[in-house]
Structures are given as structure tokens and as C-alpha cells.
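Residue numbers (our numbering), protein chains in the order written: chain A, -2 to 423; chain B, -2 to 423.
The reader is advised that the hints may include incorrect statements.
A pair holds if it fits inside one copy or across any two, identical chains being indistinguishable in the list.
[What the hints assert, rightly or not] Using 30 Å as the maximum straight-line C-alpha spacing, the simulated DSS-like pairs for lysine-lysine come out as follows:
| no. | residue 1 | residue 2 |
| --- | --- | --- |
| 1 | LYS157 | LYS202 |
| 2 | LYS94 | LYS372 |
| 3 | LYS195 | LYS94 |
| 4 | LYS93 | LYS170 |
| 5 | LYS202 | LYS373 |
| 6 | LYS58 | LYS372 |
| 7 | LYS373 | LYS94 |
| 8 | LYS58 | LYS94 |
| 9 | LYS170 | LYS372 |
| 10 | LYS116 | LYS195 |
| 11 | LYS157 | LYS58 |
| 12 | LYS58 | LYS195 |
| 13 | LYS195 | LYS93 |
| 14 | LYS173 | LYS202 |
| 15 | LYS170 | LYS202 |
| 16 | LYS116 | LYS202 |
| 17 | LYS93 | LYS173 |
| 18 | LYS94 | LYS157 |
| 19 | LYS373 | LYS157 |
| 20 | LYS157 | LYS170 |
| 21 | LYS93 | LYS157 |
| 22 | LYS170 | LYS373 |
FYI, nobody ran anything at the bench for these hints, they're computed from the structure.
2 protein chains.
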Amino acid sequence: MKLLHADIIAVGSELLLGGRVDSNSVFVSNLLAECGIDVRKKIAVGDHRGDIQEALRASLKRADVIVLTGGLGSTLDDCTREAVADTFRRPLTRRKKAYADLQTRYRRFGRPVTPLLAKQALIPSGAMILSNTVGTAPGFLIREGHSVIVVLPGVPREAKVMMASQVQPVLRKIFKSTGQYWFHAFNTFGLPETDVQKQLGLILKEYAHIQFGLLASPRGVTVTVSCWVSNGSRSSVKEKSLFFPVWEHLINQVRDCLGPWLFSEGERTMEEIVGELLRGRSWTMALAESCTGGLIAHRLTEVPGSSLYLDRGVVSYSNQSKREFAGVPVSMLRRHGAVSSQVAKAMAKGIRMRSRVDVGVGVTGIAGPGGGTAKKPVGLVYGAIDGPRGTQCQRWQFWGDRTEIKLKTSQAMLDLIRRYSNETAS
Amino acid sequence: MKLLHADIIAVGSELLLGGRVDSNSVFVSNLLAECGIDVRKKIAVGDHRGDIQEALRASLKRADVIVLTGGLGSTLDDCTREAVADTFRRPLTRRKKAYADLQTRYRRFGRPVTPLLAKQALIPSGAMILSNTVGTAPGFLIREGHSVIVVLPGVPREAKVMMASQVQPVLRKIFKSTGQYWFHAFNTFGLPETDVQKQLGLILKEYAHIQFGLLASPRGVTVTVSCWVSNGSRSSVKEKSLFFPVWEHLINQVRDCLGPWLFSEGERTMEEIVGELLRGRSWTMALAESCTGGLIAHRLTEVPGSSLYLDRGVVSYSNQSKREFAGVPVSMLRRHGAVSSQVAKAMAKGIRMRSRVDVGVGVTGIAGPGGGTAKKPVGLVYGAIDGPRGTQCQRWQFWGDRTEIKLKTSQAMLDLIRRYSNETAS
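Here chain A stands alone, though its shape is the one from the complex (with noise of 0.2 Å):
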């Protein structure tokens, strides 16, 4: 089964000492699987010429794409151009389109296009230029032998664009593709890796051509089932409609299996799975978050038209404003503490009565690191919810480092939203 294999590889120092990851090479592999190329490795070495080019030549040796990302800017560090460039001996010269579009982005701008900024518009002979329509240096595309090699700028939103509106159609259109890939993710909240495996059983040794992954990780864990199928040279057609039934039987195995844990597939997180079934009853929510310092109201926000539904959020650190904000007692506060099922129901209550919402959310805990004591050690976390279904509350005991408690507390807290609004009206 030849399949189309590409590599990417990702310039710039500050990816092996500078505290970056490289983000690109995420929706660049999604982009290239839909044309049917799988990614077999991905690179990333510093802004160094020589040491593009050895990557670059290696790639060359087994790949059928190579995607470059990153280095293209105008700053004194930026030399992917000229290693490509090299590479393949073709000059680079300015292309009067490049420099045109430059002049207007930074017209835009109020700037003029000074000699170093102009560099951007230098491309290398025979390259297709790929436009930069939401930032200013365009990438290019260049044919070499059975090699396509993409040069794309570093800034996701312009690499993302550029992939998607120039570069697919030309692959696409190069490779007549060979193979087809099929990929489906699960993701699961509330039982470890090893449980989530269980849970999978036989099906894991059933389908013999078919990947599986798991992936733990403070948001849950994900499975992947994937799966190349080739295609005949001429009976592509048939052949997916053959593969089609059996694929689908799979990914309604796996569903089944996963049951009440899995929460979302595919790429939809945990928040815009619980803002769809807040605006699937209509209901109006309200959050008093402790130890979570705001970041449940912040992920929800991430989705756009939250506001619909989420009407106010407090982060209530001090007892003075729990009880301010929420009217929880002193009285309470003070027996059982600030941390406990008591405060939690009282702050989803209270939060729910004056904000005059369906269904109010109330979450206090240790985040860490100083706070714990043997009792109530660090990770300890009381979650409740108020609602037109009354009021449930969780404890839950989480490990590892203050931003670790909080990730985590407010994956299970928005969880625990998922469940309670997911649940049949009784």
C-alpha cells in the first residue's frame, strides 16, 4: 500500500530554546490528511541555513511533501527563504505581485514598505508565490523531481489560511491521491487510561487494520481509532463504499462502549459541548468560582455567543465576597470551613437566587501550592450545582501543581454541568 507521506518541518530557535512549541504542524498534519498525505515526522531546528538544509535533504530522500513553516519575516533571524532557496539552486528575486501586496498590507498599516520589510517579497525562481491575505509575508510552493516543498509563513492564523485556501487545491490537484485516511477521535472525562482500555475490550483486537490510540490528559482521555485505505487504481469509488459500513459499525462500537464518559468527538471541547446544551433547554447560568479563579467562566467564553447563556460569573477568593457575592454565612464559613460541600451548595445556590439564573455553580478547593492541611490536603475540591433539577454535589481529590488543580477542576466541574443538563427531565 504506497501512501503519500509528507514531513514538516518547523524554523525557528526559539522552538528548541525559547519555551516555544511549534502549533503550526497540528492543523498543517489535519490539512494534508484531508488530500489523503499522512505526516510521518515532524522537525523543528533553529534559524541556521545549514541546519534547514540538512532537514530539508533528508526529507527530500523519503518524502512526497515537505511543509517549511516559520522564518520568512523580515527580522535578522529569519533565513528559511535563502536556505530553500539554496537548496534547490534557484535565486531568489523580487516578484513584483509580492511587493505589490506588501505595499498595500502595509499602507494598511500606515507604515512604508522600508528595504527590510521588502525582503518578504523576495522568492525563489519558478516557485509559486502563495498569498498572505491576513498577514504580510507570502509563503511559496515549489516542484522538485516527485517532491512538492511548501514554505509557509510562522503565525498560524496566516499559515492556517494560506494551507487551506492555496495550498490544498494544488495538492490535491498534483497528487491524484492513493489512499484515503479515516480518523475519528473520542473524548472521554472521568475514567483513567488504563479503565478507558477496559472499557474498549475486544474491539481493540477485532478490527485488524485499524489503529487505536489512547491519550491521557488533564481534560480527560482521548481515543483515536484511524485507519489508511488505498485505493484501488480505479476503483476508488467502490472501494469506500465498501470500507463505509464497516467503519461505521466501528465507530458505533467504540460510541456504545464509552457510554456516559465520553462527552464530545472530534475536535469540540467540553465548553462548547455544555454552552449547546444550556441553549438546547434555554437555561440561563450563573458561576461563583473559588479556586478555579475564573477560568470555568473563561473557557466558556471561548465560545462565541456564550453570553446567551452565561450570564455572570464571580471569582469569589476572599469569604468576604463568598458571602457577598453568594450570601454564604459566616456562621457556615466558619464551622465547616471554606472548603466544603456546605460553601459549594451554598455558593451555587446564592449565585442562582440573585443573579435570577435557571441554574447557578458553585466550586471551592485547595488549588495549591500552600493552603492544604492533613484534613483538607491540596487538590481537594467541593463542586455544586442549583437547578431546575435541585442540587447535586461532587468531592473530588485531584493531584499535581496549581495549574494542573485548576485545569482539572474545571474539566470535572463542566462536566459535572454536562451530566446534570444532560440527564431526563424527570
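Keeping the supplied structure of chain A fixed, place chain B upon it in accordance with the hints.
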């Protein structure tokens, strides 16, 4: 100048097509640099024995140190230990110590070590075990010819502890450092990348052996300054003492050039800096956030001890909550609209008064994608501070998607608080 040189190989199909980025390599690089070892390449490959081996063999040709992360777990797709064992023809055997550690670990979770889990105690012959004190799967270290191969689990928290406590001492012992890495990062906010470069001016050309880097993101522009200084075989102390004043002078020059735009150096985040300033002034603060939806509160509460200065926050998405939380008058909302300097200032003043804190912060804007008009487009933001030094208000026009606008707004707002707290009291 012969430098020690490392490659990092991250293993995991999710890194190629599953939306994940390899975050381990960030701290692995830093910890290697501390041992005088320079990372030249980072590679990500899937959970395929052949691909891991191909990457490993290629790196063996050029690298003194190879660090592999991931694929050591007990689930079906993990195969790093097998790939490494195969490459060096070192059979995998169960080590007593590793197995005993696993048993202790799982006993704490109240679970038996099943045959599937026991796989984690398999170590290639002749390899040194790297104990996992915070998770389950141990790592290992192999010396092969002149190279050192380090294999670590994929969980960042586990890999980090193992690198620092076990791998670094071994590397320092094996390699007498041939050089020393000097690195400094300056984090700025408020100037575009090319203006930062202009600001640095002649410094960029004055130092021949120093590498400068510029890195733009929604959090600002980071300037990195780095240099490898090789140790003469017997005079390392002397060379260091010669270089140190040069370096100090350079760092001071850069610091001066960046002036008020410089908000931190090294790894320190804006929220840490703001927290420190507030603490230094013994100021308490309360936030009224609209378009950032809790992100500013979330960022501030990422810092341990933030409860000392952050009294509370409100996410007042609805007009009603702007009125109730911060006393923004209906007439003002009607006359100027929720996104206006008047409302931002009223939010800051209102939340300050109602919370009886020193500093009140209000931010209102249009995060998009909906809600924009010709007069008030998506990305328009007003932020205000009310405190002991009077009221300050600023207007911004940001570009990007919802997530980007929220992030840029939070950074700009925190920077405004930083500058406000930094001013010399009048």
C-alpha cells in the same frame, strides 16, 4: 569550537495527528543547556517501531545525547522501549527494582500490577534505570559508543523530575562540559516586532558572536540574546571571568533600550510581575471583566499566593450584572453603549468601591466574531483602572479571532496595571 549536541525525539502518534504538541522538549532543552549541551533538532514521530528506529539511527550519526520521550506506558500503542532495545540489540528483561517500585506505586492507588501494567518494568539490558518518583513507568539511560541515549516517559511532570534529579547529574559526569551556554530573554509588550528591532538599533551589529532572536506573540515580543562560550581545555574559569563583564554590559544595554516596554526577563510572566508589584505596594485589587470573560482573573490566580492581593473578580457579561456588580447606571449604558470609555471607568470605580479594595479594574470590549458594528468593530476594547493614583483609561483596537482578542486584551490590561503600579507616587 566543538559543542556537545543533542537531538530530542518525541514519540506519540497524537503528536502527528491528534492535535497535541510536544511540550516536554521545552524543559528538556533548558535542562540540557544547563549541562552545556545544545539541542539542534527536535523530532516527533508516531508510535511505530520502524519510525522511532529510523529517527534514532539518524540522530546517532550526529548527536552526543539523544533524549526520547513518550511511548513507555502500558497501553497497546506504546512501543518506545521495544524500538530502543531492538536498535541496540539489548534484550528487554524485567528488573526487580523497577517491578518493586511499580508494586509500591499501584498499591497506593489500591490496584494490582496486572501483566499489562508489569510491562513498564521491562528495561533493556545494560541500561541504567531512571526511577519514576511521581508516576509509574520508569525511564532508562544507555551508553552506546560515544553517545548517551535517555528514554523518559511522556508525562511532562514525570519527565521533568527525572531529567533534573537523575539525568542531569549523569550527563555532567559523563561529559566534561566543553562549553557554556549563556542565554537571556527580555519580554516586552506594546511595540511591534520591527519597532523592537529598531529600538535595539546598533547593539545588534556591535556583538559579533552573540545571537539575537525576536519572537512575537499575543503576549508581546520576546528578545533573546544567546551565546556559546567554549571552555579552553584548562582555563574554563579564566574564560568565564573574561566573558562575564562583556555579557553583563550587553544585558544592561539591551535592558536600557527596551525601557518601559520591558515587563519581565526570563520565564517570568506578566501575571507574576503584576502580582509582585501589587504585593510590594500592599494593594488589594478587584476586577470587573466583560469581554475577557474571566481570563484576567484566571491568569492572576495562576500565581501561588494571589489571594493576598486579588480580592475578587466579576465576569459581568450581561448589562444587568454590570449594573448589579459595579453600579454602572442604565442611563450610561444606554447613552454610550456597554463598550465605551465611560462604562469601563464606571466598572473600575464601581467594583473598587463595592469591594473596598485599593485598585479597581474594568474592561469592556467586543471579542467577536459577532457583535461588531462599523463604529464599534470586533476587537475594540476599553480598559480602565481606578486606584490611589486616580483613574486611567485606554482604548485598543485588536485583531484576530475571539481567543486571540481575549488573550491580547488580558495582556494589555495586565500591562496597564503594571505601569500604573510602577509609577512613582506623586
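Which earlier hints turn out false for this structure, listed by number in ascending order? 1, 2, 5, 6, 7, 8, 9, 12, 14, 15, 17 and 22
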